[in-house]
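This is what each chain is made of:
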Amino acid sequence: MSSEFAFVGILAVFATLLPVAGLAVAWLVRPKKPNPIKQSTYECGIETRGEAWVQFRACYYVFALLFVVFDVEAAFLLPWAVAYNQLALYAVVEAVIFVAILALALVYAWRKDALRWT
Amino acid sequence: MEALIRWLVDTFPPLSEALARLIVYVLYSGVLAFVAPVLIVVAYTYMERKVLARIQDRVGPNRAGPLGVLQGFADAVKMLTKEDVTPACADRVVFNLAPVLATVAAILVFAVLPVAPGVIGADLQAGVLYVVAIGALGEVAALMAGWSSDNKFALLGAFRAVAQLIAYEIPIVLAILAVVLAAGSMQLGAIVAAQDIPFALVLPVAFLVLLVASIAEIGRSPFDLLEAESEIVAGYHVEYSGMKFAFFFIGEYMHLFASAGVITTLFLGGWRGPLASSDSLLGVLLGFIYFVVKTTAVIWIMMWVRGTLFRIRIDHLLDFAWKFLVPLGLILVVAVAVALKLPAVNSPALRWIALLGANVIAALLMMIVISLLARRSRSAALRAVAGAD
Amino acid sequence: MAIEQALQIFVFVILTLMTLGGGLAVVTSRNLFHAALSLILSLAGVVGYYVLLDAGFLAIVQLLIYIGAISILILFSIMLTRGLMTPRQVQRNEQWWIAALVVFLTFVVLIVALWQMVWPIADDEALRTPNVAISQLGEALVGPYAIPFEIISVLLLVALVGAIVLARETENNQGSHAEAGSSE
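Protein chains in written order, with this note's numbering: chain A, -9 to 108; chain B, 78 to 466; chain C, 341 to 524.
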């Protein structure tokens, strides 16, 4: 385990302690007078009908998949960018092809109107 | 940091290097996790209120303490003593974990920020990628909060929020890609070292893309759809109250500072400035001051934007990301890559001009494409109207 | 160093608890959303494994792709399913014994394979060198592995096209459900 990640680990533990401690203190000092009306869903609004967990539209899924595609692209292109100064010209061409194919994905989604929020 | 570790080992001989490192790490994480959030939230909420008040021709907080500087502490006490209302149908475990995760995600970004010369928690090899990846934890936290509240507004808010966050994460990554190309490293320390000219002047388009996308990523106006009061009440944290709400709020301001800090580090030269160096304590302090001043300037721009622009619609918001920023980022990355490999580029000055030219060309190309597309869709709409008549 | 080793084992045990516990919760949880969250916990444990193995870049990519992107994709697709959000799901169907058989056979194959594998152990010198520089990875991607590198982008393109085609079909089948909330 490298020392850099050891720091990230220590910070993660400390960062968790802060909200946990804050919530614990609040739990000690705050008033506790629950009643059914106060605890109803969306306390001061109109009562909701049906379940909160409703079905969503498929366009959310397409956006999420588009995101995955470009995220994976970034994960592959970043090492290429780091090595860029040591690379020959053909490597540039390869990366440009890589980007172009993904740009094609974006163009396809655009043409098929999958990027429209409905 | 390394200098401090060496100093500890030299001054207290029984201390081994590993132990000294541990002590320094624990102290620094303590500062980042406990001191920094309090200071940042108190200082920047106060600043935000004052700035917004000025923009709206008001005075802003002026009761608590001189000029109202203690307002943040007053709010903290209020939040702490507020009753905590949890909806009866909520999924309690997930409901309570969400604000914790939101805060942790915001604080963890600070691990890789070089806040002063030589002061960086973890100069990871993949530092910039870490910044983006940690942001993903915030998305999970939003989904957890929205789902566990058992509230339609909250759930809808969470899903919209995440759709927005993932849409703007891609332009951020592409802007970062351009920076990495120019700097030749993903380590934030090395990126700062590579900025003899701040990258904002070398890659202005990437800078603007990152600035705009960051504003969206931290969900501030004009991209504050996650809490669009008029549509979905307050987004994924409608059902939160008291201290749990406070931690979402703290997470938000930590995220604001972290994002501005990342922009400063990547584009404004980080802690660099006259006389800032890791050689002397004074140089380190000076570097820290430069970093804070630059970051505050970026935050001020974000507040200014918030006070000036109105919220945009969700379909426009997503269009702006996917149909403008992402293509622009892709063109920019290719243009920068080509500019760096031009055979004539062999001196720093020429390199600068080539990169600047690549930015201008990328921006112009995108503008032309978008205006052609807009003209076509406008004429199509006109024809449709004419046909309907 | 004894303390460092003990610490590594301690971290390893915690990560294993996270990964296996998360995995167990994924299959036993009756609530789909909880199952997805447990999957995230499990994936987070894997991030930790990569860190322990000194594969820092891989750890961050795992965090970015799996926790940041794939899990959100899964959560979104859970929300696409109607009625599955209620925790009354039956977790078995009539083919459970086939599944059990397949799982058992896979387990046996894995155990045998793991047992017979000769694990290459890096010498101390290699362990002490810092992480493989990312630039080497980048050079390898466009050098010897250029073809797989390009195929990945084609694969991503195909995945996206498939998803868009499928999504259109669902939209058409659903008719004109409005966005969540008003569809009740």
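Check the hints yourself; a few may be wrong.
Unchecked claim - Reference excerpt, derived from the structure (chain A facing chain C, CB under 8 Å, subset only):
1) A2
2) V3
3) V62
4) W70
5) V86
6) I87
What the hints assert, rightly or not - These stretches of chain A come out as covered by chain B in the derived footprint (C-beta under 8 Å, 3 or more residues):
7) 9 to 21
8) 48 to 58
9) 71 to 82
10) 88 to 98
Quick caveat, the hints were computed from the structure, so don't treat them as lab data. All values reported here derive from a predicted model rather than from experimental measurement. In this text, a Cβ means the ideal position worked out from N, Cα and C, and glycines have one as well.
Hints and how they fare:
{"no.": "1", "hint": "A2", "in the structure": "violated (10 Å)"}
{"no.": "2", "hint": "V3", "in the structure": "violated (11 Å)"}
{"no.": "3", "hint": "V62", "in the structure": "holds (6 Å)"}
{"no.": "4", "hint": "W70", "in the structure": "holds (4 Å)"}
{"no.": "5", "hint": "V86", "in the structure": "violated (11 Å)"}
{"no.": "6", "hint": "I87", "in the structure": "holds (6 Å)"}
{"no.": "7", "hint": "9 to 21", "in the structure": "holds (count 10)"}
{"no.": "8", "hint": "48 to 58", "in the structure": "holds (count 5)"}
{"no.": "9", "hint": "71 to 82", "in the structure": "holds (count 6)"}
{"no.": "10", "hint": "88 to 98", "in the structure": "holds (count 4)"}
In the structure shown, a violation is registered for the earlier hints numbered 1, 2 and 5, in ascending order.
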